[in-house]
Amino acid sequence: MTPLQRTLSEALLIALLGLLAGLAINHRLVLDAFAGRLAASTSAAATANAVLPQPVLLAEVRELAATGALLVDARDAALFADGHLPAAVSLPLAEVDRLLEDFRQRFAAERTLILYCNGYGCQDSFDLGLRLMNEGYHDVRVFEGGFPEWRDAGLPVAEGNK
Amino acid sequence: MKRSGRVSYHLCRLLLGAVFVWAGAVKALDAPAFAGQVAAYQLLPYAWNYTVAATLPYVELLAGALLLVNVRVKPAALLLLLLNALFILVLASVVARGLTIDCGCFGPDAGTTPLQALGRDALLLALAVAVYRQGDRYLPPSAARS
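Residue numbers (my numbering), protein chains in the order written: chain A, 1 to 162; chain B, 1001 to 1146.
It should be emphasised that the hints constitute simulated quantities derived from the structure, not laboratory data. A few of these clues could be false.
Said to hold, decoys possible - To be clear about the criterion: a stretch of chain A counts as covered by chain B if any three or more of its residues have a C-beta under 8 Å from a C-beta of chain B, and this derived list gives those stretches:
| no. | segment |
| --- | --- |
| 1 | 58-67 |
| 2 | 131-145 |
Unchecked claim - To give an idea of the interface, some chain B residues facing chain A are shown, with a C-beta separation under 8 Å as derived from the structure:
| no. | residue |
| --- | --- |
| 3 | PRO1032 |
| 4 | ASN1049 |
| 5 | TYR1050 |
| 6 | ALA1054 |
| 7 | VAL1059 |
| 8 | LEU1078 |
| 9 | ALA1092 |
| 10 | SER1093 |
| 11 | ALA1096 |
| 12 | GLY1098 |
Quick reminder that beta carbons are idealized off the backbone N, C-alpha and C, glycines included.
With the rest of the complex left out, here is chain A (with noise of 0.2 Å):
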């Protein structure tokens, strides 16, 4: 074996040792992800032309998030910090004036939406929506249940101001 087969062989196996510990690690994601546990396919194009935010369960939620669609946070800024879904951004209704300019350059219009508050009871998230659709966001979306629902159902939480 010349030595750099030995080094590629190497190499290889540190490969393979990262992905059994990845796959050990995360089985559960990736079986639930080849058994289509994790949501229902939807179709973006669907509310395209909607004029309202289009509301969204959880299990579409999760599916949305994981196609690239944005979570957005419409709680105020102690409620995101306390708790939030992951990889969601915080634009809190009362703040958004300031914060639209910043939030319109980092998020293309283009981007699906996922606006969620505290739960059925919370009119925010619906409010930034038709805001957001005046902005120019055309694919938003309300997740009706909220931070409470996605808690309850045991799904990761995110602490933190990012």
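Starting from the known structure of chain A, fit chain B onto it as the hints suggest.
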């Protein structure tokens, strides 16, 4: 000359290792979110995005950690070299297809555009090549073959 070469080699090794340990750890902490970033590249079938998200961070983490602790440096550098070459191809396809997505390289919403990520990966590739090529010369004493 020799001493400065040795110092710069070890700095490259540590920098490359630290970058990949960081990149791997950030993504490993939130695999479902990383699956979303992978899906945004629109290259793989649905479930395979999760498979990549479940495994790639650990490959990066392991290879980076080996570089940091100065064990199996050459194969680890070769693996990162090949991975970086793959990332560059993938990012080039993103640019070619005109997708506006976050790179996802260092976790969700790091805010890196595909072009910025391409530049960064080119630097990391150069770093990996340098560590790989110098790897023989500065083996730790325990690994030196007589």
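Each hint tested on the structure:
Remark: the segment 58-67 of chain A is confirmed as covered by chain B, as 4 of its residues place a Cβ nearer than 8 Å to a Cβ of that chain, reaching the required three. Closer than 8 Å: that is the beta-carbon criterion, and the segment 131-145 of chain A has 0 residues meeting it against chain B, so the requirement of 3 is violated. This hint holds: B/PRO1032 has a C-beta 6 Å from the nearest C-beta of chain A, less than the 8 Å allowed. Evaluation of the B/ASN1049 hint against chain A yields a held restraint, the C-beta minimum of about 7 Å falling below 8 Å.
A cut of 8 Å between beta carbons decides the hint on B/TYR1050: the least distance to chain A is about 4 Å, and the hint holds. Hint status for B/ALA1054 relative to chain A: holds, with the closest Cβ pair at about 4 Å, below 8 Å. Interface hint at B/VAL1059: satisfied, since its Cβ lies 3 Å from the closest Cβ of chain A, which is below the 8 Å cut-off. Using the Cβ-Cβ criterion of 8 Å, the hint placing B/LEU1078 at the interface with chain A is satisfied: the shortest such distance is roughly 4 Å.
Given hint, B/ALA1092 at the interface with chain A, is violated; its Cβ is 19 Å from that chain's nearest Cβ, farther than 8 Å. The interface hint given for B/SER1093 is violated, since its Cβ lies 16 Å from the closest Cβ of chain A, which is over the 8 Å cut-off. Interface restraint check for B/ALA1096: the shortest CB-CB distance to chain A comes to about 18 Å, outside 8 Å, so the restraint is violated. Annotation: B/GLY1098 was flagged as interfacial toward chain A, and the flag is violated, the nearest CB pair being 11 Å apart, outside 8 Å.
Of the numbered hints stated above, those contradicted by the structure are hints 2, 9, 10, 11 and 12, listed in ascending order.
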